[in-house]
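*Asks:* Single-letter residue listing:
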Amino acid sequence: MELALPQLNFMAIMPETVLSVVAMALLLINVLVKGEEKAYLGYLSLAGLVGALFSIPWGAKISGFSDMVLQDNFSAFFTVIFILCAGLTILISDGYFKKEGCNHGELYPLILFATVGMMFMAKATDLMTVFLGLEVLSVALYILAGFNRANTKSNEAGLKYFLLGAFSTGFLLYGMALIYGATGSTKIVKIAAMAAQSSAVMNNPMFLAGMLLMATGFSFKIAAAPFHMWTPDVYEGAPTPITAFMSAGPKAAGFAAFVRVFVIAFPTLMPQWSELLWILAVLTMTTGNIIALSQDNIKRMLAYSSIAHAGYALVGFTAHNASGVSGIMFYLLTYTFMNIGAFAIIILVGKKGEPNNNVQDYAGFGVKHPVLALCMSIFLFSLAGIPPTAGFIGKFYLFAGAVQEGYIWLAIIGVLNSAASVYYYLRVMVFMYMKSPEEEFDWVKLSPAIMLCILIAVAGVLIPGIIPNSVLNLATLSLP
Amino acid sequence: MDFSLSLITFIPLAGVLLLLVMPRNNAMLRGTALCVSLVGFIASISLICEFKPIADYQFVENLPWIAAGSFQMNYHVGIDGISLWLVILTTFIMPIAILSTWTAVEERVKEYMICLLLLEVGMLGAFVSLDLFLFYIFWELMLIPMYFIIGIWGGKNRVYAAVKFFIYTMVGSLLMLIAIMYIYFKAGAGDFDITRFYSIGLDPASQTWLFLAFALAFAIKVPMFPLHTWLPDAHTEAPTAGSVILAAVLLKMGTYGFVRFAMPLFPDATARFTPLIATLAVIGIVYASLVAMVQEDVKKLVAYSSVAHLGFVMIGLFALNQQGIAGGMLQMINHGISTGALFLIVGFIYERRHTRLITDFGGLSKQMPIFATIFMIVTFSSIGLPGTNGFVGEFLVLLGGFESGLRTWTIIASSGVILSAVYMLWMFQRVMFGELTNPKNQVLKDLNAREIVIMAPLIVMIFVMGIYPTPFIDKMNPSIDRLIVQMKQKQVAHVVAPVTAPGRAGIPAGYPELPSGHPAGEAK
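Line order of the protein sequences matches chains A and B.
Numbers 1 to 480, taken from our numbering, label the letters of the first sequence in order.
Numbers 1 to 524, taken from our numbering, label the letters of the second sequence in order.
One or more hints might be untrue.
With a Cα cut of at most 27 angstroms, we get these calculated DSS-like pairs of lysine-lysine [as the list claims (entries may be wrong)]:
| id | chain 1 | residue 1 | chain 2 | residue 2 |
| --- | --- | --- | --- | --- |
| 1 | B | 488 | B | 186 |
| 2 | A | 368 | B | 156 |
| 3 | A | 435 | B | 164 |
| 4 | A | 351 | A | 445 |
| 5 | B | 300 | A | 435 |
| 6 | A | 153 | A | 445 |
| 7 | B | 110 | A | 368 |
| 8 | A | 99 | A | 153 |
| 9 | A | 435 | B | 110 |
| 10 | B | 164 | B | 186 |
| 11 | B | 156 | A | 435 |
| 12 | A | 351 | A | 38 |
| 13 | A | 98 | A | 38 |
| 14 | A | 368 | A | 352 |
| 15 | A | 38 | A | 445 |
| 16 | A | 445 | B | 110 |
| 17 | B | 475 | B | 156 |
| 18 | B | 186 | B | 490 |
| 19 | A | 368 | A | 435 |
| 20 | A | 187 | A | 61 |
| 21 | B | 52 | B | 445 |
Hints were generated in silico from the structure; no laboratory data involved.
When you get a sec, could you build the whole thing from the sequences and use the hints?
*Replies:* See below:
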């Protein structure tokens, strides 16, 4: 009897390998090197991220580990999003954690491990890989959310995230189990093939129930209403750089897995799940925006706004045509820039022990720091979807995808939501520019790292907003 | 390819970049902004010289911009007789607006000038765009600087006014965006070229919805009754330059949008909605005039008079004949000049007295003779006295309206001419004549040299356009003719049969005739 060895193809997981090795090395270095200064770990992890970025095999379709993972342009595109997200987060972390007095070296390896988890989610072609990627990501995030040990709010965020995250993973896993029960496989291609072949699978209630449970699990992860309850508390309590990270990266990872699994594994159930997504999209956009309208705390406001943004992306997913899906990818990429950029400014405005997270704390910021306020305005305009920013182009593709498929009402609900969202983004600007300053804002000190982060973010919002060709074409070439 | 349009559109942007790197020396910032806007104006003069009186788009530039997925957007700009004068109006008003801020704005001058120039880029871009996507970008781009101009440098209630302005405009334009997407997919693979969209046939049912989406965006901007409520707030709170630009150019975006997009794209729906639009326009004229009459604040009075004047423009445009559209177009320019001038005048007295209440004034003509003369000329222009620009436009509008199916509406609308004389002259009388009782008014200084320089070009234009409007109309006419022919050709299914126009020979006919038995029909 011949024992078939699984085909291991490390090329398929090159970026993940690079990052994992770097992360483990950093853990060791952190233990071995004494001292309070941990910034060098940040630089090393940035180097690791750059290395991972260059190890992405663009254009290749490499399947590895007996079809557990697939390195294609789709996963490559998302890998870029994750690397940018992690890199920008690391740039804003050092200053923040020093200020808060919890400058522990484990921070950087944890961010890298979370990134590895996200990367696996984006390239998963097997439900097991989705689950493993998700767990690697989530466990790291639970720790990161509660990273500020001395702060009860941060503890609360960590625990809450852990409980609800575990709960939602349960849904996902249960769904996967049902799908396996119905089709006998966890490989997404085989699931689709089984469903297409036999009507017994299609008619099996387990199959539909499995799909629904998986949709629920993913909805938790991307914070779609009505599964969004954990988001505001976790985003508010978590250390700000981690909030920035969580609102961009893991959400993109959730979408990557969600899109790939549903488009490839359940084409036969397409009418059902696109109807489901329609409802989810409307609920998510509307809930996020309406609650965001009444928020005074800017971190909570951005948390609800990130729920709304997941709703916009769901509009593109409902259409799941070329414009819609490339719109999702473009949007998630540029959302990373605008959202982390906005959080970078929030970090700068905060003092130790005084996070200054209320809109009122921004009174007169535009007078004292015109350049930073200008950057914040660019991020907010982009979040509101106003040209010439990337946020507009992204929304255009998402909504145009819906219009193309005949979901006119969905697109109309979408734009009305985005008109409502303008109000709360403008509110921040009203305080920054139109109220007289109450503070001197003299504690706002720009470190080179945070400056670089803001610079990259501004470029990442404006350049794809004015000349979006290259990014859009890349997204179009990277469709799953 | 001729790049003069791009040059004119982006000269202010170059100015913005220049201002960004300049030190905060107010005199230098003001001077630079003024120079940039003057350069833009001089450059735009060349457009008039080289513009041929033909219907086609001229100075066209068409370059690929975005081509990704199923979309193709071009940087496609060009002007015809319809947009030419609006471009000129914009570049003409900008230096005046900037000069008017010399002493009015002392805080954050750099940001103010940047906002003004950025606004100019948006306005010019919207007027020259021939690609719907590009138009939308510029259309939205105008919002941001105007929002800050009202919100930062405005009056007491500025935040409310700014946010209201932004949200109102945003809601309308987002629905238009959906309509743009819909037309694009209806038209099949290609770009967002407006001339391509003109030629596609849309069934009347979808035209109705698309027209409503476009019309909402434009009607908010015009503003038409009952969507006008943002305007008095925005005007009253905005600083002088903001009001001037808002009245002179920004409101024209709405009427221009009707002529350039809503009407030729959806001719059937236009015919169908003409009675509704005309009714709203007439209500706007009468209602706004009555409201203007009882205003205690001069600026609010002028703001309401804007609503009434733009009602006239709408009547002219929807008369859908040569005279009506030409009159409407001309009235757009006239309103820009005369209402712009009125806001400047209000600004002058506000700067001196820090009040705009009519009751705080009286007898100013004795103290400020130059001011009184200028104010009187502008008032006459606003009323539409023969010899001033306002007369020509209003006359053509009424003529066009009377000869079209909108006879009844036109008759009611003409009461607005009288009403405007009432509220303007009454206001003028209370502010300028009578006893100079208030001691604060007895020490008022007359206009200084800078203020006279600001007003001079406007006064000149009031008379030039009032006495010899032919060159303006001649350049417009071919494009207006083409617009009318285009709409006739596209009107496939009609509720009522087209008839020949009783007006000028050679005018394409076929605007909707009134149903028989209508009083106006009988009067014919």
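*Asks:* Of the numbered hints stated earlier in the document, which are not met by this structure?
*Replies:* Hints 10, 17 and 21 are the ones this structure does not satisfy, whereas the remaining hints hold.
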